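**Q** Given chain A, put chains B and C in place with the hints provided.
In case you want the letters, here they are:
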Amino acid sequence: MRKISIDKLNSLFSAIAENETLYLPVDTKAGAKFEKWHDGAVLSDALNTVRSAKDFFFPQTENLMDFKVDGKNIEIIDTREECEDFVIFGVRACDVKSFEILDRVFLAEPVDSYYKNRREHGVIMSLACTKPHETCFCGTFGIDASSPEGDIVCHMTGDALCMDAKTEKGKALLSRLDSLTEETDGKAVEEQKKVTKERLAKLPLASLSADSFGAGKTEKFFGAPEWKELSQACLGCGTCTFVCPTCQCYDIKDFNTGHGVKRFRCWDSCMYSDFTKMSAGQPRLTQLERFRQRFMHKLVYYPTNNGGLFSCVGCGRCLSKCPIQMNIVKVMKKLGGKEND
Amino acid sequence: MQEINRAALIKRASELLSDGTADRVLGWKAGEFDYDVTPAVFHSVEELEKDFVWGDFCGANFSKYLIKETQKGDGKVIVFLKPCDTYSFNQLLTEHRFDREKVYAIGIPCDGMLDITKIKSMADGVLSVKSEGDEVEIETLYDGVIKEKRENLLPDRCVHCKSKKHVSYDELMGEDGEVLDSGRFDEVEQIEKMTPDERFAFWQGELSRCIRCNACRDVCPACTCEKCVFDNPDSGVENKAAANSFEDSMFHIIRAFHVAGRCTDCGECSRVCPQHIPLHLLNRKFIKDINSFYGEYQAGETIGSRAPTVNYSQDDIEPSEAVERGGDNA
Amino acid sequence: MIDVKEPLIPKIGVVTDIRIDTPDVKTFRVVTPDGKKAFEHKPGQCAMLSVPGVGEAMFSITSSPTNEEYMEFSIKKCGCVTEWLHSMEVGQQITIRGPYGRPFPVDTEFVGKDMLFIAGGIGLAPLRSVINYCRHYRDRYGKIDIVYGSRSMQDLVDYKEIIDEWANDAGVTVHLTIDREQPEWTGHVGFVPNYVKELGFSPDKIAILCGPPIMIKFTLAGLTELGFEKTQVYTTLELRMKCGIGKCGRCNVGAKYVCKDGPVFRLDELDELPDEY
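Residue numbers (this note's numbering), protein chains in the order written: chain A, 1 to 341; chain B, 1 to 330; chain C, 1 to 277.
Source of the hints: derived by calculation from the structure; they are not laboratory data.
Being a predicted model, the structure only gives us computed values, none of them experimental.
Heads up, the beta-carbon is just placed ideally off N, CA and C, and yes, glycines get one too.
Take these hints with a grain of salt, some might be off.
Unchecked claim - Covered by chain B, per the in silico footprint, the following chain A stretches (three or more residues, Cβ under 8 Å):
#1 46–53
#2 105–117
#3 235–241
Here chain A stands alone, though its shape is the one from the complex (with noise of 0.2 Å):
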């Protein structure tokens, strides 16, 4: 493990500017994002961005390809390009765990190269959590705030910003970084996570249970008589699905930009009601259908699919961000059974 002085994080930047672009959460006035570090940004203090880190490798818009027309001719023109190295600092358990998620979808056969190449470009500097807010719960979901994966895990303790490599890109990236680094023996960090799971066990929603979901459970709850109240005030919107670091659905849609026409994939949302409408008719008639799709989708249907892998890493994002304040929390809650009363 190394370590770096806290006041020297501005030249530990610098140097893994100096070969990949790197990404940090700064703060903005609409709250932390990240963005691509220059001399002198300032890493957020804030427990996390406003919008998860899946852009990174699933953006919200991205070209697919591009066409030629001419006539009756068409010529596909493969707009791919290898993509530039890269290195995200800063992200937090829930997030580096978001991407395990959205790998089983888009690293499963086939494979979707765009996100695949991404994914091998990307440097994860995940950061421990120190200060979990009362809207966190990833312990729900065996996630640890304490010590996230990554490529490189790092921890702030107090004065100093401790890295650990966990795989070959980040022992390949930490060695780089050895003329600014010390050695460390990880005391600090086992001292700091001790406190920090403390909190953890503390905070409001520690208790969450997702025992009575998972695999296998579509009869349990689909036709569950509490879908009713908990969709009846959702406008229908794409605000947790957006902000959401796991919903991974998109559309495909073509725009002609009267010199040719671009394939473009963009975020789409099982909120929307024309997600699933066709010509020949619309199987989700109401926004209860939608938004049981949405819940049933983290807590059912995709553990059923990955082995029990809830595809809800407890970020509280939906949490702060619905306009109408419903969320996972109070879906597992009402529908969870004795567990969570």
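**A** Same frame as chain A, now just chains B and C:
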């Protein structure tokens, strides 16, 4: 702190449920924390007593919910309306969006809501938020108990509250207030003073954060089209995401045009924006211009009023007088 | 440029023949620019066709895999993409990618069985591929019955092929019906579900259904009355799709993705899905 308390509202709603005036109540339901209340329909006194809340985070404007709610069942629905909500209520009635006969509207006074974003920016981990007179006590996870003046924690829309007066109700609880002159166009004026380039940069900076979640549209009481132009594949502007940075601006500008003259300035758009884009400023610019070009007009002040933008008169201002072509206002 | 295959990037297809089947159904023949089949498929599988600038949509491949020269798609006009396709002329290029989905188990569960095909309207399109496959490998299957109905005589898709080819095959019986009487029609009149019951098939065969939801619903009830088990009945689902590879989330029903785990489902499998299709 709110003048009327939860118990008084539950008592009155319960009376109206019991005497058969109405069969359900549109109100705010308690959440996990003090600040995450959700609009909900209550069908019984028991449900009200269990979960109904009224307090500093009951910002949601229920007017738009009445469109769908009044179509369910024959009985009346009780709705609690803050002064600003009554303007949207009237405007929806003007547009014949719901059956007035199916609603029992109770006006309730409001001292302004609290802005959880402002509160959270002061502390890490908010456990509880309690108002005591002009002071707010915030219990936090890591910073102990913080006390702050209420006026510093109001959302912008309440700082610039246009009216404490209810313009529509079946009955009023508590005291009615007055229409206020709270400088709601101050910010608009500042933006007007910018050079066109500065103004463009300002809006580009703000609107570039848009994630096209549509929350502003979906919450807006003036956005009640059965099929929004942005959801219509034949419109040519239907997009879930902007194909370029220009389109984000187009979405908001088109929306502002669509609600111009009908927007009551309730501020829900800015409240719900997950990216904190000051969308209400676009609407206020229209309101300010309508006021200065056609004379003072407040949408929703009375039922049935016609906005100057849809009411031609021979005295209407000529475009050349309103905008100098190529000038700073263009 | 990235040198790996990307499933979302299509191939060019050329429309070499357009056949008008009914007032709103046309059948398009598609090959690659060098005159070959774009890819191999199995009966029941689908392909994404697109017109750049208009959009992409999923269609079942109507032709049999045994056709080595080209693929065919019978397409009903009912939306932006289909409207554009209907306005095409021969020689037009489109894009094509696939094949997608799980096919009918023609080489396993169907082998040695009597087959009963039941289709309504454009619902014949996905079945035509299976029917022609079974006809091609005639000795692998038992007796074949085909019940096909539509609103009117003019709405019967592939009428000529049905009359001239299918009906003349040994061991193949075709039962056509239309909803309302027409002067020039001498065949059966009535709805498909009733006709199936009237014909009173013995439940010792595989039944494959495709058609409008209402037809499926009543025909299933009829088959159950006749003694068919759920494990003997197959159908194919249609939901909105964008990616075709089980990722975009649109056709997710329960833990299944219709584009990947379907579109072909056996009735007992369908029973395990929530009722959202």
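**Q** The structure should be examined with respect to each hint, and the outcome stated for every one.
**A** Against the structure, the hints come out as follows:
no.: 1; hint: 46–53; in the structure: holds (count 3)
no.: 2; hint: 105–117; in the structure: violated (count 0)
no.: 3; hint: 235–241; in the structure: holds (count 6)
Going down the numbered hints, you'll see the structure goes against just number 2.
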